[in-house]
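Protein chains: 2
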Amino acid sequence: MDEKLISKAVIRRLPRYYRYLGDLLDDGVERISSGELSNRMKVTASQIRQDLNNFGGFGQQGYGYNVRYLYAEIGKILGLNHTHNMIIVGAGNLGQALANYKSFENSGFKTVALFDVNPAVKGKKVRDIEIHMMNELSEFIPDHHVEIAALTLPKSEAVSVAEKLVDYGVKAIWNFAHTDLNLLLPEDVVVENVHLAESLMRLSYNLTTKKDSKVEEK
Amino acid sequence: MDEKLISKAVIRRLPRYYRYLGDLLDDGVERISSGELSNRMKVTASQIRQDLNNFGGFGQQGYGYNVRYLYAEIGKILGLNHTHNMIIVGAGNLGQALANYKSFENSGFKTVALFDVNPAVKGKKVRDIEIHMMNELSEFIPDHHVEIAALTLPKSEAVSVAEKLVDYGVKAIWNFAHTDLNLLLPEDVVVENVHLAESLMRLSYNLTTKKDSKVEEK
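So the sequence lines, in the order shown, correspond to chains A and B. Per full-length UniProt numbering, the first sequence runs over residues 1 to 218. Per full-length UniProt numbering, the second sequence runs over residues 1 to 218.
These aren't lab readings, by the way, just hints derived from the structure by calculation. Wrong hints could be hidden among the right ones.
All copies of an identical chain are treated as equivalent in the list; a pair is satisfied when it fits inside any one copy or across any two copies.
Said to hold, decoys possible - Cross-link-like lysine to any residue pairs, in silico, SDA-like; alpha carbons within 20 Å at most:
no. : residue 1 : residue 2
1   : LYS42     : VAL194
2   : LYS125    : ASP51
3   : LYS8      : ASP167
4   : LYS102    : GLY92
When you get a sec, could you build the whole thing from the sequences and use the hints?
Right, here's the structure in full:
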């Protein structure tokens with residue numbers, strides 16, 4: 001199977017399929033038809049068939065999809081069949097919250113350390129993950145084959161710290177600072193921005209539009 | 001101006017324009033051309049002109065956009081010109097991290113309380129925001145005109161708690177649990193899901209694809 005042929009739109013939808021298939025496995029469901037999956041996910045059955053056809057013809061007419069096989073295949077495409085060592089830079093509440101998500105480990109993301117500038121938290125642990133000082137980054141990253149850094153720092157520090165992380169060997173940054181880090185780093189660094197404030201604004205837009213339309217309905 | 005005529009695609013991009021315009025104001029920039037904005041945002045100038053033309057013709061040829069005016073107009077569309085009272089349900093690390101984002105208040109989102117089931121944290125404060133017990137929700141929500149609830153609870157509790165919040169008068173839920181809450185609540189409830197695990201999987205996909213293509217290049 002050539003992964004290059006799968007469209008970006010399908011790729012964007014894959015994590016959601018992966019989550020639903022994982023939930024089905026947890027519920028002991030081994031086979032599911034596109035119609036049942038459509039009902040659960042509120043995506044049309046034809047969209048599901050089109051999307052999943054990218055992964056070979058294992059959806060047989062009248063027989064449904066093999067949940068475990070499909071889950072594993074999508075996991076491979078997403079790179080979840082390998083362990084990725086991750087560090088969290090910024091051991092504040094958000095950094096600690098991320099360290100507490102045990103479920104990331106089940107998907108292959110192993111948080112091996114947190115880092116902070118505050119000497120008061122040095123050596124403390126979140127779950128079993130130790131907080132290190134920032135000046136240890138240059139040795140820690142190559143020594144522990146760290147691929148991913150979650151960046152939970154204020155915007156003012158995010159860019160300069162990200163540049164250092166990349167110098168030390170980090171390949172991908174999961175950025176929570178309010179800045180488009182992808183535009184500021186070398187092109188070969190993978191960046192995924194999580195803009196919480198923008199998510200809240202979309203919610204506010206939908207809330208406001210709904211209110212306006214209710215007033216009009218009266 | 002009729003807000004209904006603005007396409008969904010433009011609406012999706014608005015929070016990002018809003019952020020860049022806010023940064024420009026912070027930097028003391030009062031006017032900007034579509035070309036300069038294009039350079040900063042890495043969006044084509046023609047896309048910017050098309051998008052911002054939705055908000056009237058205040059981009060004059062050779063004169064640029066009035067940053068303050070555009071920022072205010074986009075803020076209005078997004079509903080940021082009103083204060084929205086928000087509660088955070090789940091006072092763990094993630095809930096506390098959200099309570100600590102002072103910047104949300106500048107955009108009109110005022111966190112008025114946190115809620116938790118753990119009696120050990122009752123009455124404690126995050127910044128100046130008090131942690132209440134869950135059994136106070138039914139009175140607190142109408143008394144404090146709470147519109148938005150951020151839900152930072154495990155998936156197993158998210159649905160039943162969300163249903164109660166809606167019964168008590170919450171209009172919008174900012175959901176951090178790993179479930180598509182929008183599919184499980186009445187249609188008139190606004191839901192914005194933040195799926196952190198899916199964001200991490202997109203990062204992993206991009207990391208994996210990049211690695212594969214590097215191997216092929218050799």
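Do the hints match the structure? See the list:
| no. | hint | in the structure |
| --- | --- | --- |
| 1 | LYS42 to VAL194 | between (25 Å within a copy, 18 Å between copies) |
| 2 | LYS125 to ASP51 | neither (42 Å within a copy, 47 Å between copies) |
| 3 | LYS8 to ASP167 | neither (29 Å within a copy, 39 Å between copies) |
| 4 | LYS102 to GLY92 | both (18 Å within a copy, 14 Å between copies) |
Hint check: violations occur at hints 2, 3; the rest are consistent with the structure.
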